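Sequence order for the protein chains is D and A.
Heads up, our numbering is the position in the first sequence plus 4, with the first residue counted as 1.
Heads up, our numbering is the position in the second sequence plus 1, with the first residue counted as 1.
Hints are computed from structural coordinates only; laboratory data are not their basis.
Just the calculated beta-carbon pair ranges, DEER-fashion:
hint: 1; chain 1: A; residue 1: Gln-138; chain 2: D; residue 2: Pro-361; range: 37 to 43 Å
hint: 2; chain 1: A; residue 1: Glu-176; chain 2: D; residue 2: Gly-214; range: 35 to 41 Å
hint: 3; chain 1: A; residue 1: Glu-482; chain 2: D; residue 2: Arg-106; range: 54 to 60 Å
hint: 4; chain 1: D; residue 1: Pro-135; chain 2: A; residue 2: Ser-172; range: 21 to 27 Å
hint: 5; chain 1: A; residue 1: Asp-542; chain 2: D; residue 2: Pro-135; range: 31 to 37 Å
Computed footprint of chain D on chain A, listed as stretches where at least three residues anywhere in the stretch have a Cβ under 8 Å from a Cβ of chain D:
hint: 6; stretch: 204 to 217
hint: 7; stretch: 543 to 557
hint: 8; stretch: 560 to 573
Bear in mind that the values here come from a model prediction, so they are computed numbers and not experimental data.
Just so you know, even glycine gets a beta-carbon here, dropped at the ideal spot from N, CA and C.
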Amino acid sequence: MKRRDFVRTLGAGVVLPSVGAFRLGLFASSPHSDTSLLVPMDDAQTDHLKAYGIVYRVVQAGIKSEWLLNYRGGSFLLPDGDAIRRDAALNGVAVEAVDPSRVTAIRGEIEASNADAVPLEKSPKIAVYVPPNDPPWDDAVTMALQYAGIPFDKVWDPEVIGGALHRYDWMHLHHEDFTGQYSKFYLIYPGSGWLRDMVQFNQAAAKQLGFTTVPDLKKAVARGIRDYVSNGGFLFAMCTATETIDLALAAHGVDIAAAFADGSPIDPDCDAKLDWSQAFAFTGAHVEPDPGVASFSDIDGHQVNAPTRRQPLGAFKLFNFSAKIDPVPTMLVQSHRDVIPDFYGLTTSFMRTRLKPADTILADEEGAPWVKYIHGELGKGTWTFFGGHDPEDAQHEIGDPPTDLSLHPHSPGYRLILNNVLFPAAKKKELKT
Amino acid sequence: MRRSRSALVAAALIAFGPRLAPAQSVGAGFNLERQGNYAGAADAYRLTVASDPTNLSALLGLERVLPQIGRQGELLGLAQRAARMDSTNVDLRALLLRTYVALGEGDSADALVKRWAAASPTSEAPYREWAIALEDQSDLIGARRVLLLGRTKVGRPGVLAIELAELDERSADWEDAAREWALAVAADRRQSAAAASVLDRAPLEQREAVIKVLTAEGAPAAARRVGATLLLGWHRPDQAWTAFAGTLDAPPVSETAYALREFADRAGAEPTRQGQRVRGLALDRFAALVPPELAVRARMDAAQAFLNARDVAEARPALAKVAGDSTAPAGIRIEAREAVARLEIESGALDSAAAMIAALGEAAGAGVREELSRALARALVNAGALDRAEASLAGDSSVDAMATRGWIALYRGDLVTARRLFRDAGPYAGSREEVTDRVSTIALLYQVSDAKSARLGAGLLALARGDSAAALDTLLRAAAEVDSAGRPVVRLLAGQVAAALGGGRDSLAGALFASVVRSGGNSVAPAAELAWARLLVRQGDAAGAVTHLEHLVLTYPDSALVPEARRELDRAKGAIPKS
Chain D
5 MKRRDFVRTL
15 GAGVVLPSVG
25 AFRLGLFASS
35 PHSDTSLLVP
45 MDDAQTDHLK
55 AYGIVYRVVQ
65 AGIKSEWLLN
75 YRGGSFLLPD
85 GDAIRRDAAL
95 NGVAVEAVDP
105 SRVTAIRGEI
115 EASNADAVPL
125 EKSPKIAVYV
135 PPNDPPWDDA
145 VTMALQYAGI
155 PFDKVWDPEV
165 IGGALHRYDW
175 MHLHHEDFTG
185 QYSKFYLIYP
195 GSGWLRDMVQ
205 FNQAAAKQLG
215 FTTVPDLKKA
225 VARGIRDYVS
235 NGGFLFAMCT
245 ATETIDLALA
255 AHGVDIAAAF
265 ADGSPIDPDC
275 DAKLDWSQAF
285 AFTGAHVEPD
295 PGVASFSDID
305 GHQVNAPTRR
315 QPLGAFKLFN
325 FSAKIDPVPT
335 MLVQSHRDVI
345 PDFYGLTTSF
355 MRTRLKPADT
365 ILADEEGAPW
375 VKYIHGELGK
385 GTWTFFGGHD
395 PEDAQHEIGD
405 PPTDLSLHPH
415 SPGYRLILNN
425 VLFPAAKKKE
435 LKT
Chain A
2 MRRSRSALVA
12 AALIAFGPRL
22 APAQSVGAGF
32 NLERQGNYAG
42 AADAYRLTVA
52 SDPTNLSALL
62 GLERVLPQIG
72 RQGELLGLAQ
82 RAARMDSTNV
92 DLRALLLRTY
102 VALGEGDSAD
112 ALVKRWAAAS
122 PTSEAPYREW
132 AIALEDQSDL
142 IGARRVLLLG
152 RTKVGRPGVL
162 AIELAELDER
172 SADWEDAARE
182 WALAVAADRR
192 QSAAAASVLD
202 RAPLEQREAV
212 IKVLTAEGAP
222 AAARRVGATL
232 LLGWHRPDQA
242 WTAFAGTLDA
252 PPVSETAYAL
262 REFADRAGAE
272 PTRQGQRVRG
282 LALDRFAALV
292 PPELAVRARM
302 DAAQAFLNAR
312 DVAEARPALA
322 KVAGDSTAPA
332 GIRIEAREAV
342 ARLEIESGAL
352 DSAAAMIAAL
362 GEAAGAGVRE
372 ELSRALARAL
382 VNAGALDRAE
392 ASLAGDSSVD
402 AMATRGWIAL
412 YRGDLVTARR
422 LFRDAGPYAG
432 SREEVTDRVS
442 TIALLYQVSD
452 AKSARLGAGL
462 LALARGDSAA
472 ALDTLLRAAA
482 EVDSAGRPVV
492 RLLAGQVAAA
502 LGGGRDSLAG
512 ALFASVVRSG
522 GNSVAPAAEL
532 AWARLLVRQG
542 DAAGAVTHLE
552 HLVLTYPDSA
562 LVPEARRELD
572 RAKGAIPKS
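Bound-form chain D, shown alone (with noise of 0.2 Å):
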């Protein structure tokens, strides 16, 4: 059945459980059985983040529910059941219960109008890339997923190296240096115990797994996560990770990691060495060749700990796709709010000039150098960068504490965040038809 098909059938009716919701009791006490739950992701929604991990559990249920793009903020449509209606209640999440002519007419407005209504089939498995000691610095997915109560498993260079992400749909990466130079932190907080316990970590990672260098290690975590991507997962990176996979990838054999990192100093000629054909998203770049500068090329646009060069924030507009031909960048940007303000990160924005042709920009600052977030494919799968590292703490420093997202409830950036989260659910599908 052709994906618009399957929405016609779910149009002419309600949606209809599957026999995993009936088995797992969901609808068996449903008083509401000819009805849908609206969960709206406008301004009446009352936690705009938990709604994703509503909607989540009930495609993990294995009921067929619906993401209906560019509609009230890109709302929910599920079947109606006391256990979502009670999962809903718990986490404070609004839903409205529908009737069957009302579905009707929503469907009416969204085929009138910029809007589409794509099923979501089945929970992504999850892998988020965390390093084994515990740093000083939240990660914004991490913080999403636990608050969205979207189960997540850890995973890092050995289960990388080990093949193990085929077991995963979605991948995600955050603050890693995968230039292998510890973020160069060591030039602004020297003598730390984090920083000496990232280097051991990664120093025996890289022992362990047979590597001289951890540069060359993570050359190799990079080559994994590609090949992950390219056999059909899905990679969503923030922050450093963004941009040094990609200089990881286009400097395999070549040395761009300076004396402190693989006891050796960069590449003199290495700019002119790379292959960008090998990375997903940046092409062109210049390697900082300074190791004195906390820069690692002139991809971010920003650069927030090279004071000289460093960038003020401005605020980032999401685009409008047409969500009937261009539904897997809709889903990216559904949001109540069109325009969101910045948020530094070691790697906070990237340059136009830097970006590969076939990219999609998903945000960018009107009239700045720079864009935020962008999407791509590579063979099967697609990655989707965002930067900044929390978008709830603008100027975040290690050692701050964590956000508290139950403060931040209809944070617009971390929504951003969450539809990641949700998309294979719906690529899937697309995939398929």
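Since chain D is already given, all that's left is putting chain A on it; use the hints.
Just chain A now, kept in the frame of chain D:
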């Protein structure tokens, strides 16, 4: 493309250059440089240098832009010519030195420094400039060698200490950095603020070593004061004062007084009791070093700091000294006596406080006298001396007095009068905490319809006096006596007291909460269920807590406690990171 545009700019500059004054072409160079057109900027700067070979702005511009376009070598000849033409110009010498270093001309740099040092044998400038140039090239070892050479040649121990400290910081050796800063501040005390600001960034594990260096026996007073400043910033006020107190005899007195005042101000920013206490100690010593008119105010501030620190033993003599100082202005003496009266009230010496308030008489303003009397009345209420409390409020018709009378009525068991007085006092009498207490009590009183309940009054008085065990016992008996509608709320209160007592009373608390959840109805049951869940969390039973919190959210969706319950639920499930 870029090259052709810069060629055009260069051509234009050459064509029109002779007509431009040097300052104008330097300005054009700046503009081009700002636009990222380094080749164009270099041409503009060169134009200036052609007509004015020692123009420093243009030469510095070339120093900035030429490396960007890989033409740094072009600077050498220009810098050499400029240095020759104005051989005493330190800036031009420094530029030439940096150029030699940047181009790897080590021997030439060495020779230049030797000539420079021979011309100015007591100056550290040649070595500083040389070290900075080497540092710019990431040659930290070379920079250190040059600085140590400079120290030896110039022959003063503190010379180039700041530069060496900076190198130590860069290599994360904060102990050596502290050692250099100690030399630097000993040579020039004006560097103390910079030293404290830089060393404050030392990581946690190196701070002890830094403090040890700065406060070692024999360390100069200026270094020890930097150590004291750091300790204050690192929230160790007692140790900070110990370090600082060791420098009080160091001359000159005026500098010590200034340092004491600064220390006291810094300590004042430390909100802890220890911080306030050392502020008091510093101000007290400051008072001994300054003229009498400043000393009185300082002693009063010291007493206030001791009061903030709840250090009655230190505050009392400080206040007594001001109150008894016949040379002090009358206003400050009365202020001191008022403060002593407040101190007596807070420390429970209520008879003495009553006598002092009476003795103040007309000297204190009417407002202050009434405020002291009300504070005394509140203290008497909490001490159970209800009749004396009522007497001390005689003639006071303020809303604050009305609120205090409400408490007197409540503790006597006159619930009707207490309700009326609390309602009339409204939400503005007393501090925010007092208002909150009163509103909570009104909420309780509106659930109990009895006109009088001596037992409930006694239970609440015991609670106010901090006798939780007696309060629990009395409240349990009161719950059995009040009408059935008021019983759940009194049980809830008893349960909360039992839970706060902990230990063997947890099971009693649980049983009380359970009975309220069963019978309390929508007004009290959610609070009981929330309190029950918190008790279970404290007992390590997160799953049990989750069950109750979910029940609360689902059963009482309109309760004002639902957001709080959801937050507790998130915590119990681990969805909110621990800060």
